[in-house]
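Asker: Each chain, letter by letter, is given below.
There are 2 protein chains.
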Amino acid sequence: MDDSRIYLFDSTLRDGAQTQGVDFNVLDKQAIAEALDKIGIDYVEGGWPGANPTDDAFFAQPPGLKRAKLVAFGMTRRPGRSAGNDPGLAALTGTKARAVCMVGKSWDFHVDVALGISRTENIDMIAESVIHAKTRVDEVMFDAEHFFDGYRANPAYALDCAKAAFEAGARWIVLCDTNGGTLPHEIERIVGEVAKTIPGTQLGIHCHNDTENAVANSLAAVRAGARQIQGTLNGLGERCGNANLVSLIPSLLLKTDYKLGVDREALKGLTHLSRLLDERLNRAPSRNAAYVGESAFAHKGGLHVSAVEKDPRTYEHIDPALVGNRRHIVVSDQSGRANILARFRDIGLEIEADDPKVASLVELVKVREYDGYAYDGAEASFELLARRELGGIPDYFRVARFRVMDDRRWNARGELVTESEATITLEVGEERLMTVATGNGPVNALDSALRKALLAFYPELEDMRLVDYKVRILTPSAGTGAVTRVMIESADGTGERWSTVGVSPNIIDASFNALHDGISWKLYRAGAPVRSDAPKGAARKS
Amino acid sequence: MDDSRIYLFDSTLRDGAQTQGVDFNVLDKQAIAEALDKIGIDYVEGGWPGANPTDDAFFAQPPGLKRAKLVAFGMTRRPGRSAGNDPGLAALTGTKARAVCMVGKSWDFHVDVALGISRTENIDMIAESVIHAKTRVDEVMFDAEHFFDGYRANPAYALDCAKAAFEAGARWIVLCDTNGGTLPHEIERIVGEVAKTIPGTQLGIHCHNDTENAVANSLAAVRAGARQIQGTLNGLGERCGNANLVSLIPSLLLKTDYKLGVDREALKGLTHLSRLLDERLNRAPSRNAAYVGESAFAHKGGLHVSAVEKDPRTYEHIDPALVGNRRHIVVSDQSGRANILARFRDIGLEIEADDPKVASLVELVKVREYDGYAYDGAEASFELLARRELGGIPDYFRVARFRVMDDRRWNARGELVTESEATITLEVGEERLMTVATGNGPVNALDSALRKALLAFYPELEDMRLVDYKVRILTPSAGTGAVTRVMIESADGTGERWSTVGVSPNIIDASFNALHDGISWKLYRAGAPVRSDAPKGAARKS
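Top line first, the protein sequences correspond to chains X and G.
Taking full-length UniProt numbering, I'd label the letters of the first sequence as residues 1 to 542.
Taking full-length UniProt numbering, I'd label the letters of the second sequence as residues 1 to 542.
For reference, chain X alone in the conformation it holds in the complex (with noise of 0.2 angstroms):
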């Protein structure tokens, strides 16, 4: 047996289907079981047979996966019931699982309290549970509960729970950290104790982040000798979560000399099988996730920038690509030249570094910061900005004025209702235009009274809409006499989304000039020309 082999054991579809919030069907079982066999997990926990309608759906037709083994979960036998003649244990590998994952107690305290019963009969529930299920399924584990917090309390009884499994013939004994609480220098010294009875290639370890240490410990159980790791997609798991294989798994291959099921090749799908877990649970995946989140190689101190351009690994720790993540710049406070410089070159816009336009451009970043703007989160009006600044960017309508009413009132069938109604005078070339629109609050009502005006003008806009509307005041102490930030996301017909900003101290003002930004932005990437009278046929749209 190659001792320095990791095997790597996902618990994503059992622990992490406890966590607060998340519900996950059959299809979502079925897709991320796949996805994790793809890149190379070595076991894919299923779920607990028996639990609920949708772990039995799971197992009664289970994925075909190529390589991963796949395993149901379940607990050792009851107290005073014989190991052939419990339901739990029956379920548990009467499935078409070739592996199962038995869970049993290892702290006297647990046995004292929580089940209330002798602890001999402890060992004997754990021994005679993995006698029977190995008669039934090819490989038993065996999850040792509370190990650590039992190994500090009663270290001689923790030990002896672990050794009848291991006596009785599981293949792996977990040593499970349950309640998250042990330091990664504890692991490492407990399970380098337990190594010498033992032997590490049977020995698993299985982590929870309410230290925020499951990652490390999981590396010190490693390193004393465990090697197999217990973990879930994005530290998916109750409470904290649980040891994140995303994090492990890159650690592992790319900073050690263990070897996984994961090769080189495989790993360039992490970042995506992490959002893929986030898309099934209909998450914001979390931009600052090590390795695979947005932000992970983001760069935005105008230092770090510049000597980044000059050779990533100067502020970079791996190459994003082996990951399948990607570098960001990112525009900002913080940003001197080479930052914006580096901004320009993704967004397409030519200019000289030497241009006295780029100095200027800094100096305007940097006090439109101050009064409120924020351009790293929105990237459309940052290269408005810059366009502009730079005359590249048309006039393609100018708001002569707008009235926005709030009303609220009772209606003739003695309802309280408020209703928003706004009222807007644009110009177009030479043209003028006036058109009203309701909506559900004043910037509803304003954006959809905008559209309808320009409609008639920029056909281009038909399949523009708005898809997250989010706002900061930015003086709290003020109350509601404070600046107000709002942040407006858009998208269209091809997928394609886009973020504007602006900022008053009056909340409909910023509204209406990041839905303005919003709009330019989708019209100058259409290529539209500016519009000097209406086109008859879309006038007539309107």
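Honestly, I wouldn't trust all of these hints.
Stated by the list, open to error - One-sided and incomplete, this derived list gives chain X residues near chain G with beta-carbon spacing under 10 angstroms: (1) Pro184; (2) Leu248; (3) Ala374; (4) Val404; (5) Asp407; (6) Asn440; (7) Asn444; (8) Ile508.
Calculated from the structure, these hints are not laboratory results.
Predicted model, so just to flag it, every value in this text is computed and none were measured.
Glycine included, C-beta positions come from ideal geometry on N, C-alpha and C.
Dock chain G against the given chain X, drawing on the hints supplied.
Answerer: Chain G only, in chain X's frame:
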């Protein structure tokens, strides 16, 4: 010197400000610095003098910190200049901050590639800058950038850089894992080797989270001898963030024998401190954050819950109250009931557990929370909801209708202005009153008009004011047509603060509901009688 004392250095306002999407203003910086001081952080790094207008404004009027030392950040002198003639060093050492932290290179590759100077010149820059700064401020620290990458590449040179700062008199030599790629065992080995030359009581550690090991790396450095930890609140920071002080503080205080400036009493403010930062950034706090997350002590269903009810230690690594957090039992009607009864006790509302009104209130809260109300951050609205249901709150006033108008137009002086004006028709007892007021936006105008009308009846409102106003869109996929939740924080002359919530598809309506609750709560707490006609004196005041 006490060898077990760990000094905490917070870089939220400097390195944290590098985070993509983070944009502190001066008020944010002041409030966060004061909160860091209060909990017992030793060093508060305020920013980089001379780098941007916000940091300059912050250092021009620094907050009065009671215990923490304020630190200014900057760089060693530039190549080819004397330290006394370097504008950066002059800005760094010329503020009211008594301590400075200056960054310099310690990786030969960076000296060669990023700076392009001789290695001797780099060492001179470090030594001369420290010596010069020591003549102008009380305490000088040296941030050895890329120390771990540098040590791996050329240990002798990296150590020479650190020694140059040490011998020049720097109080702290901070070893930075700038690119965040180093694993805990390497950190422990390298810090241990450096500590043979520079005493650990003068070594600091500065980690980034690019492998999800920043917390563990900081702990590893401390075990190897370092006695200063640099980090940020909630792990804020560029790319994947910095070491998270919010996780490190309780681990060190509750699980090791090291001593901190934070004591057990202050530790109870940790959850509040973490959420304060998120509030300032208008971010949803991470539910899964170690120690302080809303889910950090959540127990979902079944076996865990019944064990926790027998003894919380069965599934909790610490008592959540130690860090100001709380246990959270998820789902089950029974625990919903217990939860809500516990919240009643918190607000001093006495009700028997078997009162039939409890069941209808539990139902009402569930329905309202499903609609988008969030009572966790809006205790005053929760209290009003409960007391109204129990018949304890009178209708102090009724709004017959209101109308808000926002007008953007060119004024007589040729300026584009946006004005908001609100008209409100109010009924108090038999009286009917109509007022009008203007404001910096529709909500501000509405608030002014409402207050103007009510002051005639309720002089108790004289000293009440809005202190915060937050908006969150609850179904972002629908853009500005989505459901909006508004949270308002109010305060009065006694220093009392209370929060209320309003939800509606219409942002103005949601804002008005939150305002209405804020005023009603104040009147209820002040014991105001329901006025059926305006006192003459008060009426004249308006």
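Asker: Looking back at the hints listed earlier, which ones does the structure fail to meet?
Answerer: none
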